[in-house]
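Fit chain B to the given chain A structure using the hints.
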Amino acid sequence: MDARWIQLNDETAASLNAGHGHMGVFELADKNELPLFIGYAGGRSVGGLSREIREAYQRLPEAALVRWEVTTSYLSRYQERLMRHVALHGKPPTHNLDAPKGQLSP
Amino acid sequence: MDLELTPEQTLLVDTVRRFVETEILPLELNLDPDADEIPAEDFERLTAKTKAMGLFGMDIPPEFGGPDIDLVTRTLLAIEMAQHRAGLYVPCYGVFGGAGLAQLFEATEDQKARYLYPTLAGEKKGFFGLSEPSGGSDPARAIQTTAIQDGDDWIINGGKLWISGADRADYGLVFARTAPDRGRGGVTCFIVDTDTPGFHVRRIVHTLRSARYATELQFEDMRIPSANILGELNKGFAIASDRLTRQRIPYAAGCIGVAIKAHAMALEYVPQRETFGAPLSSRQAIQWMLVDNEIDIRQATWITLEAAAKADRGEPFRKEAAMAKLVATEAGGRVVDRCMQMFGGFGVAKDFPFERWFREMRIRRIGEGPSEVQRHIIAREILGASLR
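Protein chains in written order, with the numbering used here: chain A, 1 to 106; chain B, 1 to 388.
Just chain A, with the same shape it has in the complex:
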């Protein structure tokens, strides 16, 4: 993902206009840019990326950074981000319950 990381705290989370109501993928990371959670706003998402990110941050207040990408290919992009993470770190992000369905070469 080429998007730049943005500082995440209660204030920025409340005013976040990440992709507004769009579909897409996002990552929450610690201060060292290590993704802790990868998520997406899909076709049934009520509030799109903004709301999905806010809700993820409520569950994961230790997250310090966020980045996102607006895309209609949210499911394949989500899988790709999970696979990339596993290829780099050997396991999914700590707060992702689902392992990716496939494997990319390191």
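Simulated from the structure, these hints should not be mistaken for laboratory data. Glycine included, every Cβ here is placed at the ideal spot set by N, Cα and C. Worth double-checking, as some hints may not be accurate.
[To be verified] A partial selection of chain B residues facing chain A, derived with a Cβ cut-off under 10 Å: (1) Pro-33; (2) Asp-36; (3) Gly-165; (4) Arg-168; (5) Ala-169; (6) Thr-194; (7) Arg-202; (8) Val-205; (9) Arg-212; (10) Gln-299; (11) Phe-346; (12) Lys-350; (13) Asp-351; (14) Arg-356.
[As the list claims (entries may be wrong)] Away from chain B, derived, C-beta distances all over 12 Å, residues of chain A: (15) Asp-2; (16) Arg-59; (17) Leu-65; (18) Gln-79; (19) Leu-88.
[Stated by the list, open to error] Listed next, the stretches of chain A that the computed footprint assigns to chain B, with coverage defined by at least 3 CB atoms under 8 Å from CB atoms of chain B: (20) 39-48; (21) 89-103.
This is chain B only, laid out in the frame that chain A set:
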């Protein structure tokens, strides 16, 4: 030619139609609009049902435990199985089972033991690796992946593009050039384990389909034993070509199924929807769209069933399969497009399945050989030697 369904065909079609209506459509209300999978517990429950119905693994030959269904009946069922949101690429979310890679039915006993039987048992998954970055429509000439013999092994170098499922497969069929100067007579099919050193899934290729993606593969000095050659040396293209021809019939059937469902939804909608004080169905512009849908669906259905009937009789069906693929994919696209138009804003919203069908149907005119290649095949068949 008998155009009536037999009592057995009618029963099977009704059974699958009911299954889609009562088991699949309700599940989709809670799935992501682009989902291509159902929860594991639903998959297991519904697979148990299709097994109890005797309809699991319809594409598996009877000698390997399949239910021995002829291709015409199989086509009729494929049309039914596609009539839901994910139906074009994931009919009934796979609960009717698949045959894996049909080429493995011709494998050696050793290969069957290592790959075919575990695949039929659901223990292994395979992929089909033919297309390359240099082109997919003319694989005989475009294949640049090479396999060079080294003792009893072959060293494979190169890559593949547009490959579905390679990132989650245990093995794949990889077509490589073994005789550089012999065109289509110099291609061999290798069975490649995905844990072989030198096998790499380099990237995901995102397409109009959100849930299913293609992959790009790279092979670096991948050592494959001669025992993993499928079929004969330098005769791999025949394996690929046979698969491509057979595949065109169910590919066409899926497009017809989606077109039928879209058209049925439009027929239900237009008498209810009023504009300027009258229902849409009273407008000639709408009526003509519905008429064109009927004609498109009817043409595609009969052409596809004719191809299946010729295949069932053991007659050559390359031309008919190409025609079915060409007509059904193009007709399906037109029908879905017209239905979107009739539904207006709802036609493009994710609340309804039209936008997914529209995206996925567009791929069908390219996948499994684009429309232009199908026309080329038909021209070659009807002009014969005079074309050369």
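Hint by hint, which ones does this structure get wrong, listed from lowest number up?
-> Hints 10, 11 and 18 not satisfied by this model.
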